Every structure is written in C-alpha cells, then in structure tokens.
Amino acid sequence: MRVRGSVALLAALLGLSMVAAVGLGPVDIPFADVWRIVFGAPDAPAGPLAVIVRDIRLPRVLLGAIVGAGLAVTGAVLQGVLRNPLADPYLIGASSGASLGAVLALMSGLSWLLPLAAFAGAMATFTVVLLLARNGGRLGVTRLILSGVAVAALAEAATNFIVLNAPDSQLRSALFWTLGGLSGTQWSDLPVPALVVVFFVVWFRLRSAGLNALVLGEEGATSLGVEVNRLRTRLVVGSAITVGAVVSVSGGIGFVALMVPHAVRMVAGGDNRWVVPLSALAGGLLMVWVDVGARLLNQPDEIPIGVITALLGAPFFLVLLARANRRALS
Amino acid sequence: MSLSLEIEDVAWAPVLHDITLSVAPGEILGLIGPNGSGKSSLLRCVYRRRRPDRGRILVDGLNVWTAGAGEVARRVAVVTQDSPADLENSVEQIVALGRVPYLGGLGRLTRADHDLVDDAMDRCEVRALARRPYALLSGGERQRVHLARALVQQPGLLLLDEPTNHLDLRHQVELLRLVRSLRVTVVAALHDLQLAGAACDRLAVLDGGRLVADGPPAKVVTTGLLAEVYGVAAEVTHGPDGLPRINLPLTR
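Protein chains in written order, with the numbering used here: chain A, 1 to 330; chain B, 1 to 252.
Extracted from the complex, chain A is given alone in its bound form (with noise of 0.2 Å):
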C-alpha cells in the first residue's frame, strides 16, 4: 500500500539523514567516517573527529529528530481534537509556558534547573488553560482555544518583560532559549524526551481511530462509541506533556508543528491512523535539516532554530490560509 510504504520511506530517509546531518557543521566531516564512526568500526578514525561526533554532533541530530517528531505528532494531535487546521502547542499555552518557565530560571541564576522550570511552567499554563476550558466538567473546543489565546499571551508579556530587563551578559541566552535551538546539546539531555515522545507517539497512534470518530463532531462520535469528553482530555493533556518534555531541551520552536501534519495529509489523506505516525517521522525530518541549515547558515554564529522554522513556516500558514479561503468562497 502507498501509505505503508511511506512510512518505510520516512524511516528510512530520517536514518540517512541523521548520518548525513552528524556529518555537517563548520567542520565537515565525510559521510563513510561519520558512518563508521557511529557504528564504531574498528578502522574508524579516532582523536577529534571522532569526539566531534559522539560528544557532539551525534546527541544534537538525535535530539533534533525527537523535538521535531514530538512537535509534529502534537500538532497533529491537536488539529484532530480541536477541529482547528490552526492548532499547534502554542494554542493550549503549553510552548509560551515553557520559555517563562525557563526564562525565570534563567534569571534567578538557577540555569541547571532549566529543563525541568521549562516543562513546569508547560505544565503550569497548560493547567491555567485547561481548568478555565472546563465547562461543568465538559471540555469546550472554542472555550479551550480561546483561554489557550489568552493564557499563552500573558505568558509572553511575562518573558519578553523579564528579557527586556535582563543584564546583558544573560539577554543573549534568554533570547536564544525564546526562539528555539539544539546547540550544546549534552547526552544526558536525551533520555527523558526520548522516552515521552515515544510513549506518546505509541499511545496517540493507539487511539486514533478514536481520533478519527472526532471529525463528526460531539454528537456523531459519541453515536459511534467515543467517550468524546474523556478522550479529548486524555489527547490534550498527553500532548501537553510532550510538548512539555520537548520545549524544555529546546526552547520554543514554531511552526513545525503546524506545518508538518498538513504536509502529511496532503500527501497521504487525513486517517489519522497514518497521519500521526507519519507526521513523527517527517517532524524528525524536517527538524534534523532545519537544525543543519541553523549551524551552516551564519558561520561562525548560530541562527535560532525558530528563525528558520518561521521563515518557511509563515509563507506555508498563509498558502494554508489561502486555500481555506478558497474553499470556503466556492
């Protein structure tokens, strides 16, 4: 089948790309060295090369490709449960959560505590949005969208507040971790976001045949034997912890989570059967190239990964947004 193979494709194609990735930076290394190198052969070369590789370039592909699935998959997620082509972990505050969380780690000195204030500041505004979405127990779309809106603003106002006022030897690192990015990457930083994005992406995959009931609406999918109410809860609340796990190694990255699962359905139809998993596959993708062009673009400095995903994911939201219009008008 079409779709089945391209999930082989996807799999296959992110594996050549994380080897090809590992191999790119300022200093260049060959494909067949990165290659031996990660599969340690015993003719590969050893001294700095080698330590460019395992210590650095290796744990940074590899966190990319698990940021950019996490994102991804939670977009997709999102999209099905709040029937809204423009939902992303910004909507439900999860992303603005983390850079506050962040930021006022940051600026207490406390820099060692920062993924975990990352993921408790998702958590925290996540929460906010939540309990303001609930309605006599009943979880409300546009009640959900709009507080999510509101939440996630004031969030903002609160970390570009903090960062306006920051010394400067710390503006640079604040501003880094608001827009997004993979540099200095450490291997310790992989494990949990590792772990959480793959549970998750298992368990929304294991309920997406529910998810797919959701595109009749309350009444229709409760007919059809949905829990809607438990469901949409247990979606959104698991997608808020990965964006959560996520952010909280890399800083707010946009867009790809918005623009990766309709990619995806362009190309494969809207079953999310296939849509999620295949959306996790192509975010990897998308975000180990994308992080390669953020090491590339600007030697010898960096550019913020949120830069680049913003720059090809504003011109895609508004042919997004053109094509909607175009729908709606005929």
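Just to be clear, a hint being listed does not mean it is correct.
[What the hints assert, rightly or not] Simulated DEER-style distance windows between Cβ atoms:
#, chain 1, residue 1, chain 2, residue 2, range
1, B, R111, A, L296, 46 to 52 Å
2, B, A13, A, S188, 55 to 61 Å
3, B, R183, A, F199, 45 to 51 Å
4, B, A11, A, L110, 55 to 61 Å
5, B, L62, A, L13, 28 to 34 Å
[To be verified] One-sided excerpt, in silico: chain A residues whose CB lies under 10 Å from chain B:
#, residue
6, R83
7, L86
8, R207
9, S208
10, G217
11, T222
12, A268
13, G270
[Said to hold, decoys possible] Residues of chain A clear of chain B, computed beta-carbon distances all greater than 12 Å:
#, residue
14, P45
15, W187
16, S188
17, L190
18, V202
19, L206
20, E219
21, N272
22, Q299
23, A314
By construction, these hints were calculated from the structure, which means they are not laboratory data. Keep in mind that this is a model prediction, so the values were computed, not measured. All C-beta atoms, glycine included, are put in the ideal place defined by N, C-alpha and C.
Position chain B relative to chain A; hints supplied.
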C-alpha cells in the same frame, strides 16, 4: 437482527417528563411533535448523548447508561440532522468510521470490514462517490453517506433524527423505503406527518416533553390531535390504504 427498546419513566429537566415507551423488535416507530417537543432530546438519551435525570433505557435488556459506550454503539446507530459540513475526508473514510466500535487498538480494517463498507455504500447509492471529499457533497448525498455509516455499525436499533431533512421527494421516499427494508428496529423523529404515517408502523406524539399519543398512524393523526398539539386547523381524510392524508387550508 433487530432489538427491542424500552424507555422507562425517563425525565430530563426541563425538556422531557416521565416518558415511558416500548418498541418491539423490528418495529418502526415514528416520533412526531412540534419543534422543541423533545424528540431529539429523547433520542439523545438513548444514544448516550444526554444522561437522563432519572429513568432507565434498555436496548435488548441492556441498560445503555450503565453499559460501555462501545457496547451500545455496536447495537445502536444514529443518523442525526446536523453533521459537520467541512470534512476533508473522503466518503469512504466517513462510511468506514462505522466500524470504530468494533476496532482493536491498531484500528485496522479487515477484508470483511471493507466488504461491509462497500455493501453499505451500494445500498445507500453512494458507492460512486466513494473517493469524493465529503465537503463537496450535497445535503442529500451527505445524509445518505451517514446512513451508510450507520449501516456499517450493524445496528439492531437505528435512530434517525429528521433523516429526510435535506432530501428531495424521491430521496425521502427511497431513504424511508431502504430503512423499512433493513429488518432492524427503527425509531425516527420525523416532521412530515404524511410521510411518517406511510413509513412507520406506529407513531408516538410528543408535546412539551410529554408523550401525548401512541398508536397506529390512522388512529394517531387526527383533526383533533393536529389542533391540540400543532395548533393548526387541518382536515384529515384517509386514503384507500387507510393511511391519513392531511390537507392544510392556508386561506381562511
């Protein structure tokens, strides 16, 4: 396979009051009554959308509000009057959603599932539209797609809420004829009394959330009932088939 439905003393304030109604297996019951009389709400109580304040609802002896949602969805299918219109999904995907109550965790459709989907699309005359996006269909086509989706659920009880709403005359007749041929128990909220009389074995009349009449169409649809419940002065005659014919004088 057709299942019985027992509605016992169901109330849902402020819309439904003390409704007791039983439908035998294979029977086709029409729910009629003015706007806001509680027809849709009563159906919603049956398909687990609105939990009644009190009373019990049993489908083939199974209490729908204590059973699992999936268990109920394998017995009861619903076609509602308003479905989202902006779906990008293809007709075939929408119809296949009828298998959701039967799917395992991976959500894979078997060969038999696909056959059911094809068969239902044939019966509802939407097979030719299978690959079309649902958003591009007409109101009548959408209604038939939803009926096909409901058939794929293999229900023993089919609930229809204004199923003929968007349909032209031919498709109204065909839809009700198809429904009659299914050999399942049907409860349909209908507006058109003449059509209801022709399609249903029995009519139950709701007014202000109470059951005010219940019986065969010829007995229920009378000049007196139309005056009392709908507030119209109509003339009811009976055709050679014994079914009611309603004449509405618009000029006084």
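Here is what the structure says about each hint:
Range check, R111 (chain B) to L296 (chain A): Cβ separation about 50 Å, and the 46 to 52 Å hint holds. Between A13 (chain B) and S188 (chain A) the beta carbons are some 58 Å apart, a value that agrees with the proposed interval 55 to 61 Å. Hint check: R183 (chain B) to F199 (chain A), Cβ distance near 46 Å, so the stated range 45 to 51 Å holds. Checked against the hint of 55 to 61 Å, the pair A11 (chain B) and L110 (chain A) passes, with Cβ atoms roughly 58 Å apart.
Judged by the Cβ atoms, the range 28 to 34 Å given for L62 (chain B) and L13 (chain A) is violated: they are separated by roughly 50 Å. The beta carbon of R83 (chain A) is positioned within 10 Å of a beta carbon in chain B (closest approach about 8 Å), and the interface hint is therefore held. About 14 Å separates the beta-carbon of L86 (chain A) from the nearest beta-carbon of chain B, more than 10 Å, and the hint is not met. Using the Cβ-Cβ criterion of 10 Å, the hint placing R207 (chain A) at the interface with chain B is satisfied: the shortest such distance is roughly 8 Å.
A cut of 10 Å between beta carbons decides the hint on S208 (chain A): the least distance to chain B is about 6 Å, and the hint holds. Against a cut-off of 10 Å between C-beta atoms, the interface hint on G217 (chain A) holds, since the closest Cβ of chain B lies about 5 Å away. For the restraint placing T222 (chain A) at the interface with chain B, the shortest Cβ-Cβ distance is roughly 5 Å, inside the 10 Å limit, so the hint holds. A distance limit of 10 Å between C-beta atoms decides the matter here; for A268 (chain A) the minimum to chain B is near 12 Å, and the interface restraint is violated.
Given hint, G270 (chain A) at the interface with chain B, holds; its Cβ is 5 Å from that chain's nearest Cβ, closer than 10 Å. With a least CB separation of 44 Å from chain B, P45 (chain A) remains clear of the 12 Å interface cut-off, as annotated. With a closest Cβ-Cβ approach of about 33 Å to chain B, W187 (chain A) is found to remain outside the 12 Å limit, as its non-interface label requires. With 12 Å as the threshold on Cβ separation, the claim that S188 (chain A) sits away from chain B holds: the shortest Cβ distance comes to roughly 34 Å.
With a minimum CB-CB distance of about 28 Å to chain B, L190 (chain A) clears the 12 Å threshold, and the non-interface call stands. Listed as a non-interface residue, V202 (chain A) fails to keep its Cβ farther than 12 Å from every Cβ of chain B; the least gap is roughly 10 Å. Not every Cβ of chain B is farther than 12 Å from the Cβ of L206 (chain A); the closest lies at roughly 5 Å, contradicting the non-interface assignment. Non-interface call for E219 (chain A) relative to chain B: violated, since the shortest CB-CB distance, roughly 5 Å, does not exceed 12 Å.
Here N272 (chain A) does not stay apart from chain B, with its beta-carbon only about 9 Å from theirs, under the 12 Å limit. At roughly 42 Å, the least C-beta separation between Q299 (chain A) and chain B is larger than 12 Å, which holds for a residue marked as non-interface. Here A314 (chain A) stays apart from chain B, with its beta-carbon at least about 23 Å from theirs, past the 12 Å limit.
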